[in-house]
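Colleague: Protein chains in written order, with my numbering: chain A, 1 to 214; chain B, 1001 to 1391; chain C, 2001 to 2286; chain D, 3001 to 3238.
Derived by calculation from the structure, the hints in this document are not laboratory data. Be aware that a few hints might be false.
Under the rule of at most 20 Å between Cα atoms (straight-line distance), these lysine to aspartate or glutamate pairs were calculated in the DMTMM-like manner [stated by the list, open to error]:
hint: 1; chain 1: D; residue 1: K3229; chain 2: D; residue 2: D3002
hint: 2; chain 1: B; residue 1: K1068; chain 2: B; residue 2: E1095
hint: 3; chain 1: B; residue 1: K1158; chain 2: D; residue 2: E3181
hint: 4; chain 1: B; residue 1: K1276; chain 2: C; residue 2: D2011
hint: 5; chain 1: C; residue 1: K2167; chain 2: B; residue 2: D1054
hint: 6; chain 1: C; residue 1: K2143; chain 2: B; residue 2: E1058
hint: 7; chain 1: D; residue 1: K3101; chain 2: A; residue 2: D173
hint: 8; chain 1: C; residue 1: K2036; chain 2: A; residue 2: D173
hint: 9; chain 1: B; residue 1: K1122; chain 2: B; residue 2: E1093
hint: 10; chain 1: B; residue 1: K1075; chain 2: B; residue 2: D1091
hint: 11; chain 1: C; residue 1: K2086; chain 2: C; residue 2: D2170
hint: 12; chain 1: B; residue 1: K1391; chain 2: B; residue 2: D1037
hint: 13; chain 1: C; residue 1: K2143; chain 2: B; residue 2: D1054
hint: 14; chain 1: D; residue 1: K3180; chain 2: B; residue 2: E1340
hint: 15; chain 1: B; residue 1: K1068; chain 2: B; residue 2: E1093
hint: 16; chain 1: D; residue 1: K3183; chain 2: B; residue 2: E1179
hint: 17; chain 1: D; residue 1: K3031; chain 2: A; residue 2: D66
hint: 18; chain 1: B; residue 1: K1084; chain 2: C; residue 2: D2131
hint: 19; chain 1: D; residue 1: K3101; chain 2: B; residue 2: E1238
Just so it is clear, the structure is predicted and the values come from calculations on it, not from any experiment.
Okay, here's what each chain looks like letter by letter:
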Amino acid sequence: MRREIPMIVAFVAGVIIILEFFVPSLRSVASQVQNWYLVVVAFAILVGAFNLLRMNYMKVRDRRADWPYSIILIVGLFTMAIAGIFWGIGQGTVFDWLFNYLMFPMSSTMFALLAFFVASAAYRAFRARAVDATLLLVAAIIVMLGQVPIGSIWIPEWWPHSLVFLTPDWLKDRIMEIFNTAGQRAILIGASLGVVSTSLRILLGIERSYLGEE
Amino acid sequence: MKSAYAVILLIAALAVAAHGQTLRTAENAAAADTPVDAGGSIDLTWEPSPDELDAKAEVLGYEVWRAKRPAGDYKKLADVEAGKESYQHTDEEAENGVEYFYKVRVRGEKMSTDTAPVGPVKAAPQWFHKDRLNMLVAAVLLSAFVLYYISQARAGKKLFIRRIAGLEAVQEAVGRATEMGKPVLYVPGIADIDDIQTIAAVTILGRVATMVAEYDANLLVPCSRSLVMSTAQEIVKEAYLEAGRPDAYHRENIRYLTDDQFGFVAGVDGIMVREKPAANFYMGTFYAESLILAETGHSIGAIQIAGTAMPSQLPFFIAACDYTLIGEELFAASAYLSREPRLLGSLIGQDWGKVVILFFIIAGVITAFLAQFGFEIFGRSIALEQLFVVK
Amino acid sequence: MKFVRWLADIDRRIIFLVIAVSVVVPLLVPLGMRVKVTSQTKIVYEEVEKLPAGSNVLVAFDYDPAAAPEVHPMALAFLHHCFAKKHKVIIMALWPQGAQLAVSAMGEMMQEFDLEYGRDYVNLGYKPGGDIVIKSLGASFPKVFPRDMAGASTADLPIMAEVRNLKDIDLIMALSAGDPGIPAWVRVANALYQRRVAGGCTAVSAPQFFPYLQTGQLIGLLGGLKGAAEYETVTAYAGKASSRMDAQSIAHVVIILFILFANISYFILRKQGDEGSGGPTARPPA
Amino acid sequence: MDGLTLFGTWIAALLTLFILSFLYKDNPFYKFAEYLFVGVSAGFWIAYNFHNLLVPNLIDPLFGADGAFPKLIREGQPDFRLLTIIAGLLGVTMLFRFFPKVAWVSRYGIAFSVGLGAGLMFIVYLQANCIYQIWGTITLSPVVVTETATGWHFDWGASVANTLLIVGVVSALVYFYFSKEHKGLLGGTARLGIWFLMISFGAAFGYTVMARISLLIGRMEFLINDWIKGTLIALGLL
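So that you can see chain A by itself, here it is in the shape it has in the complex:
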């Protein structure tokens, strides 16, 4: 029974959503059910936060490596959560200030690390070892050149229109329109089949590993 009833719950929840797509009169029921999910997520985050706090509390208690940093983590979590829950999250609140001057700069800098990593990854990976890798690197270089003015700077004013297909600008647009669309589209179609069959197995209880042990 520890697995059967949850399986029925999963089935009912999923089938309501699928039916709603075909049966307009179920719309309000389905949107109600979808809102329930948001409530589950809101409760679940407490489980995660508790896990995070427990791990870091134990680290401090046992004086394990890097334990002082765990204190920073715990203080940060409580400060942000308490400020947000009790004094609101709107503009001009403490929460907003902490977001703007702590979280946002760290988040956007972490994101900006990608500027460096695209370079190091390209350096390592884009070597013409085989046909596949060569295609990858040639396409990447053409598109990169087509993106910035410097890529077309060598093209003189009198360049004949009949030779436009030799310019990075033109090639970039065609590669994106044709090759990129084709490749992405095949991935989307293939993956959709995988998703549909996995969903089906979940709803019918054929796939139940997510429920854990018997």
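Keeping the supplied structure of chain A fixed, place chains B, C and D upon it in accordance with the hints.
Modeller: Just chains B, C and D, lined up with the frame of chain A:
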């Protein structure tokens, strides 16, 4: 008599003058039950008053009025601003099954004129979305393929699957980590458990965890979602049980960091540079963080195997990881690793889905070619594309 | 040979350093690299040039802070060009935050030009409704905007005395981050009132407007940071887009050069029968 | 710039530098920023979810001024929003994870989430990624001819583009065919499919570079303009 004529003339003149000030009514007012909905709503449409179009008199806007009898007491429902070529208003406060009558009032600076009552109209819920019949057929067909081959597989039919290089390497990677005495890191994406890629990821985690338990290596699973953490804990625990090593299961190794995309990456990067795993797995839904993870993982010299169906992130995994499962291969992975009949069967079902899709694509482009010349069947263009329009 | 080996397995921190330098230097010291001005940008420039001084130009700020890094430099360069040619500028927004961005843009313009509010320019503020708003402007400006952004009556502003409806507008510049934006201006102002409409948008959304250019519904289009840099070049305005584009160009070239070095060292080593350990390549997936 | 903003800008700038220091190697500054970031962001999402998920979807409909319970007490009329209690119960099952002995109760919440997601994804993927993508492909004719006043006109540019796109989609889809060894014609087609995929990956990689460099430019402009120039201006040095 003279005075009588004068009166008649005066009346006529007044009538003409009055007519000049009367607004002409909105045209073609119509009301009908909102076509595809759960009931409780009626759509009204009308076209502008000729006065709005030729600007002979100023039209400020329109009003929608409703009553339960044609001559009954009308109540105003809505104001609609003027300035469109046609108008539409949806009355969302109708009760199902009740007869309603509507009037559209055109409103000028001083005058206003009503249309004749429109109705009766009843609101009703609909039971089937007719425009989506093609989706229903597709859903049923695909499901039938999958279920048929699952039953075939269960009945003991031998099913073949081609080699998938990335998955051959899973065992090797776990083995290497064991030899080096270093942990295995498994990141199940940053989406929540309602994403099917996450489900695929935790299913593969189950297979990887069994190998790790058998080899007696250490498994680290940082999660970005509480629900994923809970699920991963259940799955890994079961995998250790299955491998006969329940004692080696440590719940603390499957930990939650934060829901935040980049906060999570900062944390995982920290785990990588300090715990130095020898094998990194990135399976599931990833966004921009994919390359940050994979490049940091490469810098610590780990074997890296990734898998995702996010087309935008595949290039980065391909560039920075040793092996990458592309799109559908992610969903094939659990079948491939476990060789369980029910999973293999559904994979074969997916293949038949692809055969049908390829057939329609090829047939579709042929008809698209012919349609250019205006070929028709039963008075309709022969292009197959109409079959694939979903509203 | 030692050098080639070193190059093949270069410490990635050297790559990081070079990237950082190639981004920071152009920001500190604008290189003024030549940007090739495309015809789509040039047409917009020429349109503003050929209008007689004192023409009425409508600038629509239909974007939000998210699109501002790309679109805002266009707004600055375009406004600068208009004021330099002594045109009158009517500003409005179909996006709520657009009007605010226009205030900041005008702040920068005021530092350079001696402009009088209400005579040289007006900020009418934000109006929700998209297509309908534009349609109504076709009939009357004062009806749609009885008051400007600051709440002053537009009837009292000399600039609005000349602008009764869209017919009095000589050029429309739609700076847009989505819908309502360029499509709405094309659908209504161009199609129904035959106004000349130019556009500016993010790089990602630019391709979807190419059909409008082809049919002439849109006279010209500034696409993304590159389009902004082109406009700065053609009007010789020292804005931010050019230095950002310099940084982009240098960074792109640096990455491409690194890829070339990697391949040269790879081929030299392969000739020597030494495959090198330059990390994994994009392995064929099967 | 007021004092609080200047103070905030300094903190933001230091944290920016701490994170960037990771590029050199792991160090105490990065470690500080990392732990702070994980803690602060976890707290952020707790507060955010409280206000944006819990309040509008559970607390308001049940206990708000116009909620179901006050209404029940006031008017004695039960309304459908009382069903929201089920959501609350499903949510509470998640809290059972705190106690390992009864942790299995949380399976109700998990199963509900998984089932809901499965239903939604089934439809969404089938429509947007399958049917719609097929539609997008079969609207293309491999040979494009248009009728003009002078007769049929062959548009070779569009024809080549369409043919390549169709061949690309078909061959790459064949690559995902699992139930046969990729040999012979199937193998050749799948190989062509990989080439298409590789070009698409290279192109997507190259296309993204610009956006990533922009992010770095954004951070650098913050350091140069807001932090350094801002401080100098505040100190009256500029």
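Colleague: Now look at each hint and say whether the structure bears it out.
Modeller: Right, here's what the structure says about each hint:
Restraint check for D/K3229 and D/D3002: satisfied, since their Cα atoms lie roughly 14 Å apart, inside the 20 Å limit. Between the alpha carbons of B/K1068 and B/E1095 the distance comes to roughly 11 Å, so the proposed pair stays at or under 20 Å and holds. This hinted pair checks out: B/K1158 and D/E3181 have alpha carbons roughly 15 Å apart, not beyond 20 Å. With a C-alpha separation of about 19 Å, the suggested pair B/K1276 and C/D2011 falls inside the 20 Å cut-off, and the hint holds.
Distance check on the hinted pair: C/K2167 and B/D1054 sit about 17 Å apart at the alpha-carbon level, within 20 Å; holds. Distance hint between C/K2143 and B/E1058 is fulfilled; the C-alpha atoms sit about 12 Å from each other, no more than 20 Å. For the hint pairing D/K3101 with A/D173, the CA-to-CA distance comes to about 59 Å; that exceeds 20 Å, so the pair is violated. Under the criterion of a C-alpha separation no larger than 20 Å, the hint pairing C/K2036 with A/D173 is consistent with the structure, at around 17 Å.
Among the hinted pairs, B/K1122 with B/E1093 is consistent with the structure: their alpha-carbon atoms are about 12 Å apart, no more than 20 Å. For the hint linking B/K1075 to B/D1091, the alpha-carbon distance of about 12 Å falls within 20 Å, and the restraint holds. Between the alpha carbons of C/K2086 and C/D2170 the distance comes to roughly 14 Å, so the proposed pair stays at or under 20 Å and holds. For a cut-off of 20 Å, the pair hint linking B/K1391 to B/D1037 stands: about 13 Å separates their Cα positions.
About 18 Å separates the Cα atoms of C/K2143 and B/D1054, which keeps this hinted pair within 20 Å; it holds. Restraint check: the Cα-Cα separation between D/K3180 and B/E1340 comes to about 18 Å, which is no more than 20 Å; the hinted pair holds. For the hint linking B/K1068 to B/E1093, the alpha-carbon distance of about 13 Å falls within 20 Å, and the restraint holds. Among the hinted pairs, D/K3183 with B/E1179 is inconsistent with the structure: their alpha-carbon atoms are about 36 Å apart, more than 20 Å.
At most 20 Å may separate the alpha-carbon atoms for a hinted pair to count; D/K3031 and A/D66 meet this at roughly 9 Å. Using a Cα cut-off of 20 Å, the hinted pair B/K1084 and C/D2131 holds, with the two alpha carbons roughly 9 Å apart. Restraint check: the Cα-Cα separation between D/K3101 and B/E1238 comes to about 15 Å, which is no more than 20 Å; the hinted pair holds.
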